[in-house]
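Undergrad: Spelled out, the chains give:
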Amino acid sequence: MTDFALDKPGKSRRPDLMAYATLSLISAFCAVPFFWVLLASLDGNAQLFLSWPREWTLNNYVRVFAEEDGARWVFNSLFVVGSATLLVMVLAGLGGYALSRTRAWWKQPFLYAILLIRVLPPTALVVPLYKILLTLNNIEGNLVRMVIGGDHARAIMRWIGFIDGYLGLILVLATMQLPLALWIMKTFFDGLPRDYEEAAVMDGATMLQRIRRVLIPLALPGLAAAGLFAFISAWGDFLLPLILLSSPELQTLPLGLFRAFLRVNTIDYGFLAALAFIYLMPAVIAFGFARRFLVQTFSGGVKG
Amino acid sequence: MINLRNVRKFYGALEVIKGVDITVEDGEFAVFVGPSGCGKSTLLRMIAGLEGIDDGDLILNGKRINDVPPDKRGIAMVFQSYALYPHMTVAENIGFSLSLKKVPVAEINRQVGEVAEILQLTDYLDRRPAALSGGQRQRVAIGRAIIKKPSLILFDEPLSNLDSALRVQMRAELQRLHRELKATVVYVTHDQVEAMTMADRIVVLNKGIVAQSGHPMDLYHSPDNEFVATFIGSPKMNILPVMLSRPEAGRLRLENADGLSISLADGDANAATGEAKLGIRPEHLKVSQDGQGDFSAEVVIVERLGVETYLAVGSPKDPIVVRAEGDLTIRPGDRVSLTVDLSACHLFDSNGRVIRRPQTN
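Residue numbers (the working numbering), protein chains in the order written: chain A, 1 to 304; chain B, 305 to 665.
By construction, these hints were calculated from the structure, which means they are not laboratory data. One thing to keep in mind: the hints can contain errors.
[As the list claims (entries may be wrong)] Stretch by stretch, here's where chain A covers chain B in the computed footprint (C-beta under 8 angstroms, at least three residues):
#, stretch
1, 357 to 368
2, 399 to 407
[Stated by the list, open to error] Residues from chain A that keep clear of chain B, each with C-beta distances beyond 10 angstroms, as calculated:
#, residue
3, Phe-29
4, Phe-35
5, Val-119
6, Pro-122
7, Asn-138
8, Leu-167
9, Val-201
10, Leu-220
Ideal Cβ placement from N, Cα and C applies to all residues, glycine included.
Same shape as in the complex, but just chain A (with noise of 0.2 angstroms):
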């Protein structure tokens, strides 16, 4: 009997040990990519292939922000996804609000049509979708031109237009992120009682109090969730910036990563891998911060 008690502990460390080995491996299978890039970013002398750097130099990072637009790409990616982040956790805050609350038939035809989006590739619509938003972009422009003078249009359809602005990615960027921030939004509010608001409206608190003082502070993981899936997922978008974006001042990171990379003299390792780090960092702390509120999020809302 003592015998076999002693004996288990050590039969089922075995498999244990196996098991941590396995997963060490596939870890560090994942991490190279990571870790070459770091070390070749910090590299004087980078290559294709991994080896221990002999001259340790920031030079690379230096020469993003000195010699290339680094500034201005980091700029353009962080106020494109920034501002359709920021248009997504307004929209579906508020949709999602109006969709957990109402009763109304379409309800359900509704959240699964707006899968939809999500599920289709993008590079199925590239085409219709370009040739929409050139319609729009033209429309827009003639209106511009008529009221402002052709001299200024240009600058300000930098701004404006649909294609070749930065409206237009922010737009079909929201678009893309919307339907799954909605469902997160509305999944969130389908657990957070209406006690909640009926007691702040036996308080006597006005619909802008109720949504300001009550339902914001409460949405706030959900909405934080929401948004933080939305900054991922927009900032690893490529093909939309490629196929809306032409002008070199509009550029974003991953074009500026990409066209760096298509240079016809001898690519360069230590610069590109400066670029493509600065290009994962917001990823990475995003997801950082996102993990608090996910947990909360998916695994029992807000806890009274």
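Let chain A serve as the given structure and place chain B on it in line with the hints.
TA: Frame of chain A; chain B shown alone:
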């Protein structure tokens, strides 16, 4: 004083409150009780102003308040989930209604302090609801109600989230608070024990109408109908189908298939003969094994609690429950003889309306 006069509520074509008349006097602790779906919560929400009133009048202190918005009614409500805002401290939760009205901070703090004193929450004012026990959360919810100095406090099943030990404790606490605050309370519950222990007045609701309203003991001793008779009291009143006949003037004879045969004074002198139902509480049936009782039956279940014993006798599907003092050594399968306490018999007609109340013979 709050008055409901012929109040009705429809959901589409479905009438859920079917013309209800209720009066609750100042300072009374009124309990609306009934099975789920009887309309008691809807009625409470109509009084609060969270649901509209389709017909009839709701009158608070002489003023018709059907169309007054919820926060202008002078009514506070304690929700089933308490609805404490998790992002606010206890003090902020209690003072929320005042801060919405832009009351100066110093004044809010003073009033919150007073309320916290009454509710023994002074040490917890800086905590968030998540760091409180169930009973403390309950008290915060009450604090949020009483800081508004309402003329009426509504409670929507406030004890249903607590475990049974805490529930007993909170029942006593709510009664103490009610005495101290002298507030008028309308309290909704599906638990008749809660209703019996706390209420000055019970309103029993069934399918959107008032089945009976009155003092708990009146409802217990003199129910108007079979529904109230079986709903109030635990274990519930036994209902036995009987044939009524009138062998002589002023006397009623009750007989059934089990050999029951008893004779009662026809107190109301107008009870119709024919099919009827005899209502008799478990404590008004006496067990004997000498065969001398009014009828005999086989024991199905025995529950021995020490101080008392519950027997279920007769058909296993629809047994008659008997409560006997002390510890009886009767086993399932035994035949017992039962004596009916003639002074405690209720008679109902086939529609469940009372036709004879308990009285001395």
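Undergrad: Compare the structure with each hint and give your call.
TA: Hints, one by one, checked against the model:
1. Counting residues of the stretch 357 to 368 of chain B whose C-beta sits closer than 8 angstroms to any C-beta of chain A gives 0, which falls short of three, so the coverage hint is violated.
2. Restraint check on the stretch 399 to 407 of chain B versus chain A: 4 residues with Cβ-Cβ distances below 8 angstroms, three needed, restraint holds.
3. Non-interface call for Phe-29 of chain A relative to chain B: holds, since the shortest CB-CB distance, roughly 41 angstroms, exceeds 10 angstroms.
4. At roughly 41 angstroms, the least C-beta separation between Phe-35 of chain A and chain B is larger than 10 angstroms, which holds for a residue marked as non-interface.
5. Against the 10 angstroms criterion, Val-119 of chain A stays outside the reach of chain B, whose nearest CB is about 35 angstroms from its own CB.
6. Once the 10 angstroms rule is applied to beta carbons, Pro-122 of chain A is consistent with being away from chain B; the minimum gap is 38 angstroms.
7. Separation of Asn-138 of chain A from chain B is adequate, the least Cβ-Cβ distance of about 48 angstroms exceeding the 10 angstroms criterion.
8. Residue-level check passed: Leu-167 of chain A sits 35 angstroms from the nearest beta carbon of chain B, beyond 10 angstroms.
9. For Val-201 of chain A, the shortest C-beta to C-beta distance to chain B comes to about 5 angstroms, within the 10 angstroms cut-off, and the non-interface label is violated.
10. Chain B draws Leu-220 of chain A into its interface by the beta-carbon criterion, the shortest separation being 8 angstroms against a cut-off of 10 angstroms.
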